[in-house]
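Q: Sequence:
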Amino acid sequence: MSIKAKNIIYAAEYIRMSTDHQKYSLDNQSGYIREYAKKHNITIIKSYNDAGKSGLNLSGRPGLKALIDDVLEHRISISLILVYDVSRFGRFQDTDEAGHYSHLLKLRGVKIIYCAEHFSEAQPEMFTLGLALSRHGAASFSRNQSEKVFLGQVNLIKKGYHQGGLAGYGLRRLLIDENHNPKGELKHGQRKSIQTDRVILTPGPREEISLVNRIFDMFNDEGKPELVIASELNRRQILAENGSCWSRAKVHQILTSEKYIGNSIYNKTSFKLKQQYVTNPEEDWIRYDGAYTPIVSVEKFNRANEIIRARAARLSEDELLEKLRVLLRKKGRLSGIIIDEEELLPSSSIYRSRFGSLLRVYQLIGYTPETDYTWLKTKKLVNEFNDRSTKKIIDNISHEGGWVSDTPAPGILHINDEFTLAIQSARCQRISPQRLRWKIKFRTMFSPDISIAVRMDSSNQSAVDYYIFPAIDILSEKISLEESNPYQLDLYRFDNLAPFYRLIRRAKLKDS
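Under the numbering used here, the first residue of the sequence shown carries the number 134, and numbering increases by one thereafter.
Don't read these hints as lab results, they were simulated from the structure. It is possible that some hints are incorrect.
[Stated by the list, open to error] Straight-line Cα separation of at most 30 Å, DSSO-like style, residue types lysine-lysine; simulated pairs:
id: 1; residue 1: K244; residue 2: K198
id: 2; residue 1: K611; residue 2: K244
id: 3; residue 1: K572; residue 2: K512
id: 4; residue 1: K383; residue 2: K320
id: 5; residue 1: K464; residue 2: K524
id: 6; residue 1: K357; residue 2: K239
id: 7; residue 1: K239; residue 2: K611
id: 8; residue 1: K244; residue 2: K179
id: 9; residue 1: K456; residue 2: K320
id: 10; residue 1: K512; residue 2: K524
id: 11; residue 1: K572; residue 2: K525
id: 12; residue 1: K464; residue 2: K357
Source: prediction; values computed, not measured.
Work the whole structure out from these sequences, hints included.
A: What follows is the structure, given as structure tokens:
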């Protein structure tokens, strides 16, 4: 990027280094930035830095926080912030976060210059897309690093070592050295301090092992459900792990966790890159049978889990409906939450799976919810239209020589192995005889690089126009459109998707 100016321009320098590569040492970044400033007649009046800080979010980065605060509070008079490249500003997994901070600075008349990037503001379309792709690339680096860490943890699991988390009631964490010599028990909150040390699970105190087996006996032989067992233990003032009270969930966890029969299971849930928790399918679990010394027999464990599976055994449709009628008489109303909280009733997901939807179930038992759900029919039409629009866009991308692949995120497409795309249809709502409205809710959770909104006509049958939003300009989760909109929004409006197809068009290389 080049900056041309007749007068001296005052700027601040921001540099950041985690531990990823010597190329990004603070001295190397600063040297490059100052050479850039010299070439473009820019005077750096202050330097901000974050040494050894992760770029996944703003948390724990006092240097960047101070820079943003100084600009917003007018404590520093600058027009530019010089950063080595997009990744040094941050490897934000939600690229909207980077756009948000950039926009706040821009409102104060301060622009960010990424000195080592090769896109220029002389071509606004390509600058916007280039910046979005660079932010995507910075986030991808952290995802790759996360994958390497994950593979390392999988390797340790397969060797029988414990990876993270509490030991569980009746078990303890034992620290061992690289030669498997015991070094001592890790208490709650303690962690290993030497990289080559490892942690395994071992049996805990005898009284705890005895109680764990007693829980299985109460469940298997006495027919007591988890809630009753928890209540009995609390009445007897027997404390659970770390001095807490017993609950249905804690008892259920003991009955279903294979670590009590010596097996290690990893990756049942994920929390990668400080994003939301994800429950993984069983085929993605990493397991190592016989990793630890068991404290419960396999026979006792299997029997308990057969009982648990039997509770969810396939009931006839009439039986399912009758159970729901009983619950309705008991509670006076129904909802997914009410159904899920009833311990001896199948979950709401079972009803949805068997009958198609809870609304269908309610109709079959003669229950009318207080909320009007007729909008669901319109939603179905919009979803069908969105499927057709998405297919058409994919076909046109292929026609332009591009290619499309799926991503783990629902509704997010990977285009040309370069950027991600979200497509959605915005249904038309008539809020008065003379007024129409379209609501667009961006999928910010999945951070698509480009979002396309297809605005539907008043009958919700066909497309009126298209809005194309790069991630850098999406500053809120949702917006509302009307027939006439501010020019700031109309900048993103197009009669067709020709501008988008021009951006992704592939060209053949000429023979030299």
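Q: Run every hint past the structure and note whether it holds.
A: Now for the hints, and whether the structure bears them out:
1. For a cut-off of 30 Å, the pair hint linking K244 to K198 stands: about 16 Å separates their Cα positions.
2. Taking the CA atoms of K611 and K244, the gap is about 25 Å. The hint holds against a cut of 30 Å.
3. Between K572 and K512, the direct Cα distance comes to roughly 13 Å. Compliance with the 30 Å bound is thereby established for this hinted pair.
4. Proximity of K383 to K320 is assessed by CA-CA distance (about 20 Å); at most 30 Å being required, the pair is judged to hold.
5. For the hint pairing K464 with K524, the CA-to-CA distance comes to about 45 Å; that exceeds 30 Å, so the pair is violated.
6. The straight-line distance between the Cα atoms of K357 and K239 is roughly 63 Å, outside the 30 Å bound, and the hint therefore fails.
7. Proposed proximity of K239 and K611 is supported: the alpha carbons are some 21 Å apart, at most 30 Å.
8. Under the criterion of a C-alpha separation no larger than 30 Å, the hint pairing K244 with K179 is consistent with the structure, at around 15 Å.
9. With a C-alpha separation of about 46 Å, the suggested pairing of K456 with K320 is violated against the 30 Å cut-off.
10. Between K512 and K524, the direct Cα distance comes to roughly 18 Å. Compliance with the 30 Å bound is thereby established for this hinted pair.
11. For the given pair, K572 sits about 22 Å from K525 by alpha-carbon distance, which is consistent with the 30 Å threshold.
12. With a CA separation close to 24 Å, the supplied pair K464 and K357 stays within the 30 Å bound.
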